[in-house]
Every structure is written in structure tokens, then in C-alpha cells.
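S.K.: Here is how the chains run, residue by residue.
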Amino acid sequence: MVATDRDIVSELKNSTPLGARLICNKYQNYLYHVAYKSLSNRQEAVSVVDDTLMQAVKKISAFEFKGGENDFRNWLFTICYNRVRDILRSRSSKEAVVVLSLDETRLNRNGKEYNPVQHELDKTAAREYETEPVLEDSPELRKLTREYLEKLPEKKRFILEGCIRGLPHKEIAEMVGIPPEQVKVNFYRLKLQFKEYILSKEGKG
Amino acid sequence: MREEKNIDEFLESVFNELPWSDEALDILMRSEPEHTMPEPMKEKLFSKLSEFQKERARVIDKLSHPEKLNSFGEFISLIREKIGDEVEEFAKNIGVAESTVLHLEKNDIPIVKIPLVEMKSLIQKTGINIKTAFSLLRNSFMLYGFKPNYFQSMARFDIKKSSETKKIQSIKRVYEELYLKKMKYKPSEKLEDYLASLEHEIRGK
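So the sequence lines, in the order shown, correspond to chains A and B. For the first sequence, position 121 (counting from the first letter as 1) is numbered 121 according to my numbering, and the numbering increases by one without interruption. Take any residue in the second sequence, count from 1 to its spot, add 205: that is its number in my numbering.
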């Protein structure tokens with residue numbers, strides 16, 4: 001039987017090793033799943049779970065149930081989300097400082113010389129040719145997308161979130177009160193609407 | 206198809222930067238997570254948390270008899286450990302300077318140099334009994350004055366290079382020497398004046 005959050009909090013506050021066991025059993029796999037989905041890196045996902053649970057255990061004396069039974073769970077996932085966000089930010093700042101010299105040459109695995117700048121340009125061109133992106137990722141586009149998501153009616157936003165996060169269609173259908181086969185159709189339509197919205201905002205529609 | 210994949214990937218990366226909604230977490234917690242934490246990591250994390258819980262139990266036990274502690278700095282350090290605060294956070298919450306907490310914990314400041322307002326805040330916000338607090342403050346004051354004696358005695362017995370048995374003997378002699386010096390200790394008028402003003406500050410207003 002899975003322990004309730006109130007049991008876990010009470011054991012943690014009493015500083016028992018059982019508290020550590022209960023919080024690990026109930027949450028570590030879910031936190032790992034969330035972190036791994038966002039980071040696609042095992043080591044980083046493990047480190048996020050480690051940091052999240054350690055911080056929760058350290059700060060347990062400050063935690064109190066205020067809003068309801070989900071308070072503890074939401075608190076844990078917020079810690080996890082903040083940690084994931086920090087890693088994503090540090091990644092993008094690292095990517096931004098890669099500097100390549102135009103004259104630099106390197107040796108490939110076969111011992112042949114190549115120019116890393118030309119190599120990067122070729123790779124980007126090939127990627128663009130293959131994927132023909134309709135959306136050019138940029139901070140403005142992300143801001144626009146977040147605004148769009150905020151404006152979406154709750155049920156539609158949830159269908160989009162659920163499908164993107166890979167949740168089972170049956171569960172999504174139950175939650176929003178539609179037949180499961182309709183989830184896929186709704187998801188497809190929502191993506192089309194989203195694309196149209198973005199293109200119209202960018203003046204391409 | 207490529208276009209749809211592009212939108213999916215873009216939306217996924219946007220959602221990765223957003224916290225999970227309550228509804229999505231409900232579904233996640235009901236289903237089996239797709240990615241699970243590697244088993245060796247689970248055990249490692251559990252033993253880390255468990256060790257932390259045991260350590261905190263020891264801290265709480267020590268705090269149940271604050272009068273048995275060596276100094277006010279030790280008391281502050283244990284309180285901080287119990288609530289899981291770093292020095293900076295703790296100082297901010299109590300409303301004292303970070304350096305005050307650091308110096309107090311290391312016993313490297315004469316108590317009388319700590320502003321009365323800060324000391325009042327430390328006593329009131331940690332909830333320690335005034336009588337116990339004053340007794341610990343006297344200890345802290347004495348330990349601060351004793352620090353040079355302690356280092357002098359330790360240096361005289363050149364403990365680092367001796368064998369284990371010799372080290373124990375030397376430490377015993379250091380203790381004896383310090384004890385004899387302690388017997389000559391006279392309560393400081395400065396400290397008693399400071400404590401009287403502090404008592405007035407705490408009880409008077």
C-alpha cells in the first residue's frame with residue numbers, strides 16, 4: 001500500500017528513516033520520469049531527483065498542508081521543475097558561448113583535416129533541408145506560444161499538455177469528458193490552430 | 206509529417222519549461238512511469254536521505270536539552286541544521302547580519318560586540334528560554350576568551366607528530382591546563398552589563 005502524503009510528512013518531521021523510505025518509494029520514479037522527459041539525460045535526471053528529495057527532506061519543518069491533500073506533491077514537483085529549469089537555462093547559456101575560429105582546422109576520425117565552421121554550416125543546412133522547419137525557435141516565438149497557451153480554454157490546453165507530455169489518451173479523455181478516440185483528433189486540430197495562430201502573428205499567414 | 210514533427214518537438218520543449226498542471230500530475234501519479242530511476246541510484250539516494258534523517262534526529266535530541274550545550278553558537282548552529290537553512294537564509298529570516306551568525310557559530314566574536322537588537326531577535330525567534338540563553342552566552346564569552354589559551358596549549362604539546370597513545374595523553378594534559386585556567390576565570394563586568402541590558406530589552410518592551 002502506498003503511504004499518504006500526510007504520513008510521509010509526519011515521518012519526515014519526526015526524522016525517522018522510514019520517512020526517507022516512504023518518500024523515495026512514492027515519488028522518486030515519477031520525479032525521475034518528469035526530469036528525464038525534460039532533460040533527456042539520465043545523469044542530469046538522477047541529479048534532479050537527488051536534489052529535489054534532499055531539499056524537501058531538509059526543508060520539511062517549514063512545510064505545512066494549507067490548500068489540500070495535493071500540497072506536498074505540488075511542492076515536490078515545483079522544486080523539481082525549478083531544478084530542471086535551472087539546468088535548461090545553464091545549458092542554453094553554455095551553448096551560446098561556443099566560439100569557433102574561421103581559420104581553425106581539426107582532424108576527423110580518419111585523420112583528414114576539416115574546417116569546424118564549414119562543418120557546422122553544412123550540418124545546419126542539412127538539418128534545415130531535412131526538416132523544413134515551419135517554426136523557427138526563438139525567445140519571441142516561445143513567449144508568443146506561452147501567451148497562446150494561457151489563452152486556451154482549460155480543457156483544450158489540457159489535451160495539448162497531456163498529449164505532448166505523453167500521458168495515456170484514455171486518461172486524458174476521462175479527465176476532459178470526451179471519448180478516447182476524440183483525443184487524437186482534438187490534438188491534431190489544436191496543433192493546426194496553433195500553427196495558424198503563430199503564422200498569423202508573424203505575418204506569414 | 207515533417208512539419209507535424211517539428212511542431213511536436215517545439216511544443217514539447219516549451220512545455221518542458223512549464224510546470225506540470227495539477228490534472229497532468231494526477232494522471233502521471235495514477236499511471237506507471239515510462240522512465241524509472243536506475244536501481245543502484247535508488248539505493249544510494251535512500252541511504253543518503255536516511256543518514257540525513259538520523260543526523261537530524263541526533264540534532265533534535267541535542268536541542269531538547271539546550272542547557273547541556275557548550276555555547277550559544279552551538280545552539281544556533283543546531284537550530285539552523287534542524288530547519289535546513291544555510292547561514293545566509295537563516296540570518297535573513299532572523300533579521301541579523303550573516304557575519305553575526307558565522308562569528309557566533311565559530312565563537313570568534315566577543316558576545317558584547319553583538320548589537321542588542323540582533324541578540325534579542327536571535328533569542329526570541331529561536332524560542333530559547335532566557336535563562337538558558339544567558340548561561341550559553343556566558344559560555345560563549347568564556348570560550349572566546351579562552352581561544353588563544355587553547356591554541357597555545359595545543360601548540361605546546363605538538364599533537365600532530367605523536368603516536369595515538371601519546372596524543373591521548375597530550376590532549377588530557379591540554380584539558381587539565383585549560384581547566385586550571387578556567388578556575389581562575391572571573392565573570393566579566395562588561396558581559397554582565399550587556400546581559401542586563403539585553404534582559405531589559407527583551408522583557409522591558
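Please keep in mind that the hints were generated in silico from the structure rather than gathered at the bench. Using N, Cα and C, we set each Cβ at its ideal position, and we do this for glycine too. There may be inaccurate statements among the hints.
[To be verified] Within a straight-line C-alpha distance of at most 20 Å, the following computed DMTMM-like cross-link-like pairs (lysine to aspartate or glutamate) qualify:
#1 K58(A) with E279(B)
#2 K13(A) with E256(B)
#3 K59(A) with E294(B)
#4 K325(B) with E310(B)
#5 K58(A) with E291(B)
#6 K156(A) with E279(B)
#7 K143(A) with E310(B)
#8 K66(A) with E217(B)
#9 K13(A) with E222(B)
#10 K330(B) with E381(B)
#11 K253(B) with D50(A)
#12 K156(A) with E222(B)
#13 K13(A) with E260(B)
#14 K247(B) with E120(A)
#15 K58(A) with E260(B)
#16 K184(A) with E260(B)
#17 K58(A) with E239(B)
#18 K155(A) with D213(B)
#19 K325(B) with E303(B)
#20 K143(A) with E260(B)
#21 K184(A) with E291(B)
#22 K170(A) with E303(B)
#23 K151(A) with D227(B)
#24 K247(B) with E171(A)
[What the hints assert, rightly or not] Per label pair, the in silico range of CB-to-CB distance:
#25 N14(A) with Q329(B): 24 to 30 Å
#26 N82(A) with L321(B): 34 to 40 Å
#27 I373(B) with N82(A): 30 to 36 Å
#28 E202(A) with P320(B): 43 to 49 Å
#29 F351(B) with F65(A): 43 to 49 Å
#30 V185(A) with E260(B): 52 to 58 Å
#31 N14(A) with E291(B): 22 to 28 Å
#32 P245(B) with F63(A): 24 to 30 Å
#33 S40(A) with E260(B): 31 to 37 Å
#34 K386(B) with L88(A): 55 to 61 Å
#35 F65(A) with P320(B): 23 to 29 Å
#36 K287(B) with F65(A): 16 to 22 Å
#37 P245(B) with S40(A): 43 to 49 Å
[Said to hold, decoys possible] Some, not all, of what chain B presents toward chain A, calculated at C-beta under 8 Å:
#38 F215
#39 V219
#40 L233
S.K.: Work down the list of hints and note, for each, if the structure agrees.
M.R.: Verification of the supplied hints:
1. This hinted pair checks out: K58(A) and E279(B) have alpha carbons roughly 19 Å apart, not beyond 20 Å.
2. Restraint check for K13(A) and E256(B): the C-alpha separation of about 14 Å stays at or below 20 Å, so the hint holds.
3. Taking the CA atoms of K59(A) and E294(B), the gap is about 12 Å. The hint holds against a cut of 20 Å.
4. Distance hint between K325(B) and E310(B) is fulfilled; the C-alpha atoms sit about 17 Å from each other, no more than 20 Å.
5. This hinted pair checks out: K58(A) and E291(B) have alpha carbons roughly 11 Å apart, not beyond 20 Å.
6. Between K156(A) and E279(B) the alpha-carbon distance is near 56 Å, which puts this suggested pair outside the 20 Å criterion.
7. The hinted pair formed by K143(A) and E310(B) fails the criterion: a straight-line CA distance of about 47 Å is larger than 20 Å.
8. Restraint check: the Cα-Cα separation between K66(A) and E217(B) comes to about 32 Å, which exceeds 20 Å; the hinted pair is violated.
9. Taken as a hint, the K13(A) and E222(B) pair is broken in the structure, with Cα atoms around 31 Å apart against an allowance of 20 Å.
10. In summary, the hint linking K330(B) to E381(B) is not supported, as the alpha carbons are separated by about 37 Å, beyond the 20 Å threshold.
11. For a cut-off of 20 Å, the pair hint linking K253(B) to D50(A) stands: about 9 Å separates their Cα positions.
12. With a C-alpha separation of about 19 Å, the suggested pairing of K156(A) with E222(B) holds against the 20 Å cut-off.
13. For the proposed pair K13(A) and E260(B), the alpha carbon gap of about 13 Å is at most 20 Å, so the pair holds.
14. For the hint linking K247(B) to E120(A), the alpha-carbon distance of about 39 Å lies beyond 20 Å, and the restraint is violated.
15. Taken as a hint, the K58(A) and E260(B) pair is honoured in the structure, with Cα atoms around 11 Å apart against an allowance of 20 Å.
16. For the suggested pair K184(A) and E260(B), the alpha carbons sit about 51 Å apart, so the restraint of at most 20 Å is broken.
17. Taking the CA atoms of K58(A) and E239(B), the gap is about 28 Å. The hint is violated against a cut of 20 Å.
18. Taken as a hint, the K155(A) and D213(B) pair is honoured in the structure, with Cα atoms around 19 Å apart against an allowance of 20 Å.
19. Of the pairs offered as hints, the one joining K325(B) and E303(B) holds, with about 16 Å between alpha carbons and a cut-off of 20 Å not exceeded.
20. Pair hint K143(A) plus E260(B) does not hold up; C-alpha atoms about 45 Å apart against a cutoff of 20 Å.
21. Distance hint between K184(A) and E291(B) is unfulfilled; the C-alpha atoms sit about 48 Å from each other, more than 20 Å.
22. About 54 Å separates the Cα atoms of K170(A) and E303(B), which puts this hinted pair outside 20 Å; it is violated.
23. Distance check on the hinted pair: K151(A) and D227(B) sit about 18 Å apart at the alpha-carbon level, within 20 Å; holds.
24. For the suggested pair K247(B) and E171(A), the alpha carbons sit about 28 Å apart, so the restraint of at most 20 Å is broken.
25. Restraint check, N14(A) to Q329(B): a C-beta distance of roughly 26 Å satisfies the suggested window 24 to 30 Å.
26. About 38 Å separates the C-beta atoms of N82(A) and L321(B), a value consistent with the hinted range of 34 to 40 Å.
27. Between I373(B) and N82(A) the beta carbons are some 49 Å apart, a value that contradicts the proposed interval 30 to 36 Å.
28. At about 59 Å, the beta-carbon gap between E202(A) and P320(B) misses the expected band of 43 to 49 Å.
29. Between F351(B) and F65(A) the beta carbon distance is about 47 Å. The supplied range of 43 to 49 Å therefore holds.
30. Remark: the range hint 52 to 58 Å for V185(A) to E260(B) is upheld by a beta-carbon distance near 55 Å.
31. A C-beta distance of roughly 23 Å is found between N14(A) and E291(B), which places it inside the suggested range of 22 to 28 Å.
32. One distance hint, 24 to 30 Å for the beta-carbon pair P245(B) and F63(A), holds here, with the actual separation near 29 Å.
33. For S40(A) and E260(B), the hinted distance range of 31 to 37 Å is satisfied, since their beta carbons lie about 35 Å from each other.
34. For the pair K386(B) and L88(A), the supplied restraint of 55 to 61 Å holds, since their beta-carbon distance comes to about 58 Å.
35. Distance hint for F65(A) and P320(B): a CB-CB separation of about 38 Å, inconsistent with the stated range 23 to 29 Å.
36. Between K287(B) and F65(A) the beta carbon distance is about 20 Å. The supplied range of 16 to 22 Å therefore holds.
37. Restraint check, P245(B) to S40(A): a C-beta distance of roughly 21 Å breaks the suggested window 43 to 49 Å.
38. The closest approach between the C-beta of F215(B) and any C-beta of chain A is roughly 5 Å, which is under the 8 Å cut-off, so the hint is satisfied.
39. Proximity of V219(B) to chain A holds as hinted, the smallest CB-CB distance being about 5 Å (cut-off 8 Å).
40. Nearest Cβ of chain A to the Cβ of L233(B): about 6 Å, under the 8 Å cut. The hint holds.
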